[in-house]
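**Q** Listed below, chain by chain, are the residues.
Protein chains: 2
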Amino acid sequence: MAYQLYYWTGIQGRGEFVRLALEDAGADYVDVARVDGDDAMQPFLDGARGGARPFAPPFLVSGALVIAQVAAILHVLGPKLDLVPEGEAARLQALQLQLTIADLVTEIHDSHHPIASAEYYADQKDAAKRRAADLRTHRLPKFLGYFEQVVAQGDGRALGAHSYVDLSLFQIVRGLDYAYPEAMAALSPKLPQLRELEARVAERPNIAAYLASERRLAFNTNGIFRHYPELDGGIAAYD
Amino acid sequence: MAYQLYYWTGIQGRGEFVRLALEDAGADYVDVARVDGDDAMQPFLDGARGGARPFAPPFLVSGALVIAQVAAILHVLGPKLDLVPEGEAARLQALQLQLTIADLVTEIHDSHHPIASAEYYADQKDAAKRRAADLRTHRLPKFLGYFEQVVAQGDGRALGAHSYVDLSLFQIVRGLDYAYPEAMAALSPKLPQLRELEARVAERPNIAAYLASERRLAFNTNGIFRHYPELDGGIAAYD
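Going down the list, the protein sequences come from chains B and A. Counting in the numbering used here, the first sequence runs from 1 upward without gaps. Counting in the numbering used here, the second sequence runs from 1 upward without gaps.
Heads up, some of the hints might be wrong.
Since the list gives no way to pick one copy over another, a pair counts as held whenever it fits inside one copy or between any two copies.
[Claimed, not checked] Cut-off 25 Å, straight-line C-alpha distance, at most; resulting in silico cross-link-like pairs (DMTMM-like, lysine to aspartate or glutamate):
{"hint": "1", "residue 1": "Lys142", "residue 2": "Asp38"}
{"hint": "2", "residue 1": "Lys142", "residue 2": "Asp123"}
{"hint": "3", "residue 1": "Lys80", "residue 2": "Glu148"}
{"hint": "4", "residue 1": "Lys142", "residue 2": "Glu119"}
{"hint": "5", "residue 1": "Lys129", "residue 2": "Glu230"}
{"hint": "6", "residue 1": "Lys190", "residue 2": "Asp46"}
{"hint": "7", "residue 1": "Lys129", "residue 2": "Asp103"}
{"hint": "8", "residue 1": "Lys142", "residue 2": "Asp39"}
{"hint": "9", "residue 1": "Lys125", "residue 2": "Glu230"}
{"hint": "10", "residue 1": "Lys125", "residue 2": "Asp103"}
Please keep in mind that the hints were generated in silico from the structure rather than gathered at the bench. None of the values given here were measured: they were computed from a predicted structure.
Starting from the given sequences, assemble the full structure and let the hints guide the process.
**A** Structure representation (structure tokens):
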């Protein structure tokens, strides 16, 4: 039976981390809201359906299972899609890394919405400029430097073998290239492992086909990764 | 062999969610930094020790296992400490709920540090006032309303039986009572299930003993939950 992925239409968003895993594995799945509209998610969010009630999209339905939170979804999908090395230790390490990716995703989102998700960017632009400067100067070097070392330890792969974590790191790098091109140009010389990982993932046949398809939406300024030139810039304090 | 918990001294912080699980289960553990100082964490953070390198504390060491990220630590400890109902479905639901708790914890932290974790509160006070107002008015009602319904569905327990998720929800409620007393006074009439859960957890013998011990640090304005009167207030827009 096909997996059913539920996520907002119109953006890649957090759903994309799940989508990349399903696409890479060639899994049979339906992107439900893109077929039936965003309203299709409401009964689940209202708790009117069985399973664990999601707080927010994305969530995945597979038979009787309803599971929300990207890291939990990938924790379930990993062994099923052969996207995590065998054994509990590797599966746990993947979970840990994915949770740190989730923290980074939140910080990237909040760099353009530091005050309130529900308010317009224009109404929090001054705060966003300060937060984005901190992201570029301190947080990105710290997070990306950490992942660079993790990938170096794994001989080019976060877990020493292909996994959903590599797919998510690919998405982080591509998203940051879109949102913060100037900062990423400055950081990239120190991130050879992540750049190599990005190139290798992009060449995987199923990923290459996906990226060339209409299913891969373009990055845009409604998503998590947003390109606002006034937020981008150098990383002066980064040594 | 005793579990070794590594977390910053001087605050409850994210380490407290792990501590509550270890204390409730009467597990044998050492709070390493409180014995040897914060420097004891550095070799792990530098990647100089085996296992999955932590991005940040807390992390737990158990034999050869080094595991970071609160939700991943509790995912490991749950079955070992009998703090999650049996079966993969329940374990997964616990993970999902704990990840939503983690999201809430980040939002609570960012309500006093919306611009940069590394900068002083005084230097981001104006932005904090706006973010805290959004937290009180929109985010807390949404998150706590969600958990209220989850607990109601489980007959007073997030998973229908005692689990580490209940211990974490207890910590959320206590932390918010300290940080945002006025907002919580306004919200509480709509949160009878969470209030009952909080009281029940506090009366568990091991938790009661822990809360009365010197191991339980007081909430303070260095932690995640901070009481700054200027950030607290009503929840006008909440119906």
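**Q** Could you work out which earlier hints the structure fails to respect and list their numbers in ascending sequence?
**A** Hint check: 3 fails alone, others pass.
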